[in-house]
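Q: Listed below are the residues making up each chain.
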Amino acid sequence: MRAIALVAALVAACAPAPDGWTDAERAVIASLELPENFAPPPDPTNRFADDARAAALGQQLFFDTGFSRDGKTACATCHDPAKHFTDRRRTASGVFDGPRNTPTVVGAALYTWLFWDGRKDSAWSQALGPVENPIEHASTRVEVARGIFERHRAPFEAVFGAMPSLDDPRFPARARPDPARPDSAEHRAWVAMAAEDRNSIDRIFAGFGKAIAAYERLLLPRRAPFDAYAKAVRKGVASEALPAAAVAGLRLFIGRGNCIACHSGPRLTDDGFHNLGLPAGAAPDRGRRAGAVEVLADPFNCRGPFSDAPTACRELQFLDPTFTDFEGAFRTPSLRHVAESAPYMHAGQHATLADVIATYSSLPGRAEVGHREPTLQPLDFRADDRAALVAFLESLSGPAPDARLLKAP
Amino acid sequence: MRTGRWPTLFALACVLLAGCGSDERRAPTAKGLYEVSWRPVEGVLPFNALFAIDAGVTRDGEPADVLLTFKATMPSHGHGMQTKAEVKPTGTGRFVVDGVKLHMSGAWELEFKVNGAAGEDVATFIETLE
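So the protein sequences, as listed, match chains A and B.
Here the first sequence stands for residues 0 to 408, numbered as in numbering that gives the first Met the number 0.
Here the second sequence stands for residues 0 to 129, numbered as in numbering that gives the first Met the number 0.
Simulated from the structure, these hints should not be mistaken for lab results.
Backbone N, C-alpha and C fix where the C-beta goes; we use that ideal spot for every residue, glycine too.
Wrong hints could be hidden among the right ones.
What the hints assert, rightly or not - Sample of chain A residues facing chain B (criterion: CB under 7 Å; computed from the structure):
no. : residue
1   : Gly271
2   : Arg313
3   : Phe317
4   : Phe322
Let's have the full structure, built from the sequences with the hints guiding it.
A: Structure below.
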């Protein structure tokens with residue numbers, strides 16, 4: 000009996016791991032797996048980040064088209080829940096057409112830096128950007144405050160406290176600070192306001208962002224077929240969770256393709272900025288080189304007066320905006336649910352995942368701004384390898400968020 | 000029955016040859032003017048995350064009254080860090096270097112430049128992140 004047990008133990012010890020993964024590869028696969036109880040890390044800069052009432056209000060604000068100049072543009076216009084919270088366009092089209100691709104909101108709250116150029120350092124301050132951007136919502140913070148006062152006063156005050164009477168004529172129709180255009184009507188109306196009123200408006204504006212961020216924190220990537228496979232690999236058992244092509248794609252992703260150099264961790268992003276040497280969109284775009292300067296100067300950043308944790312801002316404290324490789328570099332997107340957010344890249348340069356893989360494979364052209372990331376080398380993948388990588392990327396899509404989060408409450 | 004003499008001697012040797020299993024790195028500067036030692040404050044070098052380094056500079060075995068500057072680069076990539084580390088003195092010849100972020104895997108060159116009465120010198124360490 001003892002001899003049989005010994006032989007069985009030896010066989011088990013010598014049995015190949017599922018799909019022939021080495022111990023080192025199994026550790027890498029484990030690093031990509033989305034945890035079963037995945038939850039966003041705390042955001043101390045937003046003390047309402049995990050407040051259910053703030054999230055319910057934020058969901059209402061997200062779908063409200065009144066926060067726009069044309070009365071027809073809400074966050075949900077470009078971040079359409081039916082399209083994985085993006086718009087399936089190369090570049091966004093709000094009140095006007097923009098130069099950049101719309102990122103998804105699913106998982107947005109998990110990034111260190113927001114937007115393709117990282118010009119915002121929190122989900123709540125990001126939400127303020129499009130509303131005042133003249134090509135997106137083309138609105139102003141005074142109009143946002145008035146819109147909340149007229150349509151969302153009770154739930155807003157329940158969370159953020161009493162509002163001033165926004166129907167008082169001392170508040171102008173439209174006003175926002177615009178130091179780049181000091182002669183604009185909006186900027187002149189802003190500086191003409193009393194300091195106390197400007198501060199009230201800024202506080203309300205920050206609350207608007209914090210409520211939206213509380214809602215967005217509920218929109219999380221979900222475990223996908225890849226994670227079921229990764230769990231089996233972790234436990235050392237065979238799995239049917241992935242088709243053979245996707246397993247081959249995973250092997251390339253962590254091996255010869257070295258995609259994991261930037262697409263690492265459970266969200267498959269390093270939260271960094273890289274220059275892929277892509278063709279420019281409508282105009283040359285400096286990307287992170289400009290975004291790093293902007294985030295440091297943003298009054299709604301981690302260190303600003305509207306942050307709930309202004310002394311805990313290490314990312315801002317040490318950011319070096321002069322880092323040369325920020326030139327023409329853009330944020331590494333998470334690959335969770337990537338199959339659902341075509342087109343791809345910062346100006347929607349690639350219509351399909353096959354196009355993305357083909358470009359990494361041949362690396363055509365050169366960077367028009369800055370220089371291409373030196374770790375990138377043409378990989379000259381065969382057609383079946385390229386198809387395998389696409390199959391792997393498709394295996395990163397889990398279920399959509401809860402249906403109750405996908406429409407106005 | 001073993002008395003455990005050999006394991007004890009081995010442990011003693013480790014303590015004497017400081018560095019067995021410890022996370023401290025130590026090297027003389029290029030011209031031999033000083034010795035730099037350092038360790039990550041949390042004990043490990045994290046990948047792509049902000050961390051701090053505890054560093055010490057000695058001359059002839061004594062803590063040296065010097066200024067220290069720090070930078071880290073990836074020689075094969077031709078770039079440094081996306082962060083600007085800050086050096087704070089914490090005592091004679093003792094420093095904390097905060098805001099280090101090694102954001103890509105591969106070989107990093109960590110450079111500790113020392114400036115003191117004996118002159119200016121530099122200690123370089125190569126750390127490879129997987």
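Q: List, from low to high, the hint numbers that the structure doesn't satisfy.
A: Those not satisfied: there are none.
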